[in-house]
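**Q** Read off the chains here:
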Amino acid sequence: MELSSLPAGTYFNLVPWVVFFPLIGLVLNLILTNRASEKVYGIIASLASGVSFIIASLLLLSLNKHPEAVVVPFAEWINVGNLYIQWAFRVDTLSVTMMMVVAGVGTLIHVYSIGYMHEDVRIQGDPSRYSRFFIFLNLFIVMMMVLVSAESYLMTFVGWEGVGLCSYLLIGFWFEKGKDGDGNAIAAKKAFLTNRIGDFGFITAMFLMFGIFGSLDFSTIFTAARAGAVDAAPWILLALNLFLLLAVTGKSAQVPLFVWLPDAMAGPTPVSALIHAATMVTAGVYLVARSSPLFALHPAAGTVVAVIGAVTALFAATIALGQYDIKKVLAYSTISQLGFMVAAVGMGAYVAGIFHLVTHAFFKALLFLSSGSVIQGVEFGHHHAPHDAHASHGEEFDPQDMRNMGGLRIRMKTTFWVYLIGALALAGIPPLAGFFSKDEILTYASEHNPLVLVMLVTAAFLTAFYMGRQVWLVFFGHPRSDAAEGAKESSAVMTIPLIILAALSIVGGALNLPKIELLGHWLEHTILEAHHVTFSMVVAGISVAVALGGILFAWFFYGRKPLSVSQADPLARLLGPLFKAFERKWWVDEIYDVIFLTPYKDTSQLLAQPVDQGLVDGAVNGMGKLTSVFSRVFRAMQNGRVRVYALYMMIGVAAIMGYLILR
Amino acid sequence: MVPLSYYLALSAIMFILGTFGVVSRRNPIVMFMSLELMFNAANLAFVAFARYYNMLNGQIFVFFVMVVAAAEVAVGLALIVVIFRNRHNIDVDEMNTLKE
Numbered sequence: 000m001e002l003s004s005l006p007a008g009t010y011f012n013l014v015p016w017v018v019f020f021p022l023i024g025l026v027l028n029l030i031l032t033n034r035a036s037e038k039v040y041g042i043i044a045s046l047a048s049g050v051s052f053i054i055a056s057l058l059l060l061s062l063n064k065h066p067e068a069v070v071v072p073f074a075e076w077i078n079v080g081n082l083y084i085q086w087a088f089r090v091d092t093l094s095v096t097m098m099m100v101v102a103g104v105g106t107l108i109h110v111y112s113i114g115y116m117h118e119d120v121r122i123q124g125d126p127s128r129y130s131r132f133f134i135f136l137n138l139f140i141v142m143m144m145v146l147v148s149a150e151s152y153l154m155t156f157v158g159w160e161g162v163g164l165c166s167y168l169l170i171g172f173w174f175e176k177g178k179d180g181d182g183n184a185i186a187a188k189k190a191f192l193t194n195r196i197g198d199f200g201f202i203t204a205m206f207l208m209f210g211i212f213g214s215l216d217f218s219t220i221f222t223a224a225r226a227g228a229v230d231a232a233p234w235i236l237l238a239l240n241l242f243l244l245l246a247v248t249g250k251s252a253q254v255p256l257f258v259w260l261p262d263a264m265a266g267p268t269p270v271s272a273l274i275h276a277a278t279m280v281t282a283g284v285y286l287v288a289r290s291s292p293l294f295a296l297h298p299a300a301g302t303v304v305a306v307i308g309a310v311t312a313l314f315a316a317t318i319a320l321g322q323y324d325i326k327k328v329l330a331y332s333t334i335s336q337l338g339f340m341v342a343a344v345g346m347g348a349y350v351a352g353i354f355h356l357v358t359h360a361f362f363k364a365l366l367f368l369s370s371g372s373v374i375q376g377v378e379f380g381h382h383h384a385p386h387d388a389h390a391s392h393g394e395e396f397d398p399q400d401m402r403n404m405g406g407l408r409i410r411m412k413t414t415f416w417v418y419l420i421g422a423l424a425l426a427g428i429p430p431l432a433g434f435f436s437k438d439e440i441l442t443y444a445s446e447h448n449p450l451v452l453v454m455l456v457t458a459a460f461l462t463a464f465y466m467g468r469q470v471w472l473v474f475f476g477h478p479r480s481d482a483a484e485g486a487k488e489s490s491a492v493m494t495i496p497l498i499i500l501a502a503l504s505i506v507g508g509a510l511n512l513p514k515i516e517l518l519g520h521w522l523e524h525t526i527l528e529a530h531h532v533t534f535s536m537v538v539a540g541i542s543v544a545v546a547l548g549g550i551l552f553a554w555f556f557y558g559r560k561p562l563s564v565s566q567a568d569p570l571a572r573l574l575g576p577l578f579k580a581f582e583r584k585w586w587v588d589e590i591y592d593v594i595f596l597t598p599y600k601d602t603s604q605l606l607a608q609p610v611d612q613g614l615v616d617g618a619v620n621g622m623g624k625l626t627s628v629f630s631r632v633f634r635a636m637q638n639g640r641v642r643v644y645a646l647y648m649m650i651g652v653a654a655i656m657g658y659l660i661l662r
Numbered sequence: 000m001v002p003l004s005y006y007l008a009l010s011a012i013m014f015i016l017g018t019f020g021v022v023s024r025r026n027p028i029v030m031f032m033s034l035e036l037m038f039n040a041a042n043l044a045f046v047a048f049a050r051y052y053n054m055l056n057g058q059i060f061v062f063f064v065m066v067v068a069a070a071e072v073a074v075g076l077a078l079i080v081v082i083f084r085n086r087h088n089i090d091v092d093e094m095n096t097l098k099e
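Protein sequences appear in the order of chains V and Y.
Taking numbering that gives the first Met the number 0, the leading residue of the first sequence gets 0, the next gets one more, and so forth.
Taking numbering that gives the first Met the number 0, the leading residue of the second sequence gets 0, the next gets one more, and so forth.
It is possible that part of the hints are untrue.
[Said to hold, decoys possible] If you want the ones that stay clear, here's a sample from chain Y, every Cβ over 12 angstroms from chain V, calculated: (1) L3; (2) Y6; (3) F38; (4) R50; (5) Q58; (6) R84.
[Claimed, not checked] Restraint ranges, calculated between C-beta atoms of paired labels, are given here: (7) L661/V to F83/Y: 41 to 47 angstroms; (8) G621/V to N56/Y: 55 to 61 angstroms; (9) Y52/Y to L661/V: 21 to 27 angstroms.
To be clear, the hints were calculated from the coordinates, so they are not data collected in a lab.
Heads up, the beta-carbon is just placed ideally off N, CA and C, and yes, glycines get one too.
Bound conformation, chain V alone:
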């Protein structure tokens, strides 16, 4: 499509700037590193992200006038044989929705980070890394924008890898810290390597697509897929969808590749909020929604996706019950909520999935950022507590352990209220955002897949329960450590983004109210397979009942009689070994270790020691030895005596002559 054919009076040609403004911010900060003050880095990065948000808003306005998808070509990228790929930007309702979330939530988190990282670099003891953090954060926005604005799968993959890289860099931001001095680095590696498995799926899916459709462009593929002009066996289409699903399970932390996300909490908390809750991990959901015409090609594909999502939702929710680390609870909760979204898009409820993606971005970013505020409050209390008190512990104090908290309601008022809003939104209490989006998914499940419905409702119950547990453990009762006793509220630069996010978590449901369906009608232009939700009083009733039931249970265990110092979790006493299983994450890491890692390491060892050092090195060294043996023989001939050389010459001539005469 030519640039000149863009509809008049719109801002579509501004779309490259959603990528390039964060890039400019990144480069500025790179140049200014070690030359400016912390405020400057933070403001540049936040502005870069903010301008990106403004441009996304302009695109939104333009789409309002002209809702059909627009492709803005930017540069030729690959032109080999019949593979022609250009870097083109796709502006449609889905990509702009994602841009709004990424840039919007991203900007708030940038602002929050100005305050959070100011403290964090001092707690961790290396203030010179302040600018680096914002450079990585801007790079993440760049890559995420590339991902959502791409017009071809290959370009999406560029963003997909780019955000993976940022995730790696930011999880390992304090790479010399963590368990045994390399815990964070190992967590970063784990995230990166686990994602490689998903990337394998993505790449294979792209090969299949190119084989089937002869192109990687969205428009070409989707037009062909919608027209039914697909020349491939059904099992190939199924394989294509399942490879895409593998990519999704990697990036969106679904069963079986979810193990990296909890460990990713080693990164600074704003990173957990931005990358590992609000945006990057939802890329998988976006991918499925984007590929909806492909998933429509094979009936079984979507069901597999839905079941994977539902299993993940339930499985992760049980683990969240048994966690003590405030961020780990939220991490498993994120996996669980991603399961909801994946289940939704798998069933074909694309609008519900994206809706939940948006509201989840609000309240999960809010929860993570508030937990960061809590952690820093407790950290502050720890550093200002009387020294003899915590010297007696002997062991390392963990400011993220909920058993060390309690009673923060009074000490951190703003944080408490926003956290409560986030928790209620997540639990699905009307009229907060989470209720509407979750209800839409459940309603759709009730119409299409009862098995998924049962799993999701159970997961919803557990969600309400573990959030209730967390709120009561962290904010109610009496402080269970001197650190919690001395906790203080965070600065305004941190609390204001929290308040904005809390407001969004309250009103976010308005995006797609039943009957009005703002988001539904908006996405209709992109996702032709979009559905219309029928509001079901029964499902809504069940949804609210399980949410309230979960909270009631949480109150029964944790609220009625607050946990006291060094008292075991009441749930542990009740459930015994089952709770142990929750706490130890069903031993998934250990099982993977036995099934995959140990055989892998053994194989590597085998290949390294006997095979490589023995066989391969033996062959190479053997060649060398052979040469040296031969050369020892021939070296004796070259003794430096001219007469001997003359003799050789004679013999040679005689031999040649003899041959010529006698042949």
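With chain V's structure known, arrange chain Y on it following the hints.
**A** Relative to the frame of chain V, chain Y by itself:
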């Protein structure tokens, strides 16, 4: 008339003697002399064949060989003189510095 085979036999004997001299002697001057013997063995064969076939080519070739041999000896002797000045010794077995 002496048959051709006699000339050739003499030529072969001279050549072998020359070869033996080159290989067995350590004095480069003697080696040069042996070399001349080999040249002359070849020359003898040339001349004998020229006469036998009644062609002048062989005779002319001998002149070339003589000229080249003279030039070669001139260069060779010059080298020997230089080596002797440097090393006070012209034993060819001592000249093995190119071995390594």
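**Q** Are G621/V and N56/Y spaced within 55 to 61 angstroms by their CB atoms?
**A** holds, 57 angstroms
**Q** Should the label of L3/Y as a non-interface residue stand, given a Cβ cut-off of 12 angstroms to chain V?
**A** Non-interface label on L3/Y holds, nearest chain V Cβ at 18 angstroms vs cutoff 12 angstroms.
**Q** Cβ-Cβ distance between Y52/Y and L661/V: within 21 to 27 angstroms?
**A** Check passed, 24 angstroms falls within 21 to 27 angstroms.
**Q** Examine each Cβ of chain V, and state whether all of them lie more than 12 angstroms from the Cβ of R84/Y.
**A** holds, 19 angstroms
**Q** Honestly, do L661/V and F83/Y meet the 41 to 47 angstroms range at C-beta?
**A** holds, 44 angstroms
**Q** Taking the minimum C-beta separation from R50/Y to chain V, is that value above 12 angstroms?
**A** At roughly 23 angstroms from the nearest Cβ of chain V, R50/Y sits farther out than 12 angstroms, so the non-interface label holds.
**Q** Evaluate the condition: distance from the CB of Q58/Y to the nearest CB of chain V exceeds 12 angstroms.
**A** holds, 24 angstroms
**Q** Going by Cβ atoms, does Y6/Y stay more than 12 angstroms from chain V at every point?
**A** holds, 19 angstroms
**Q** Over 12 angstroms to the closest beta carbon of chain V is the bar; see if F38/Y clears it.
**A** holds, 15 angstroms
Hint compliance for this structure: no hint is broken.
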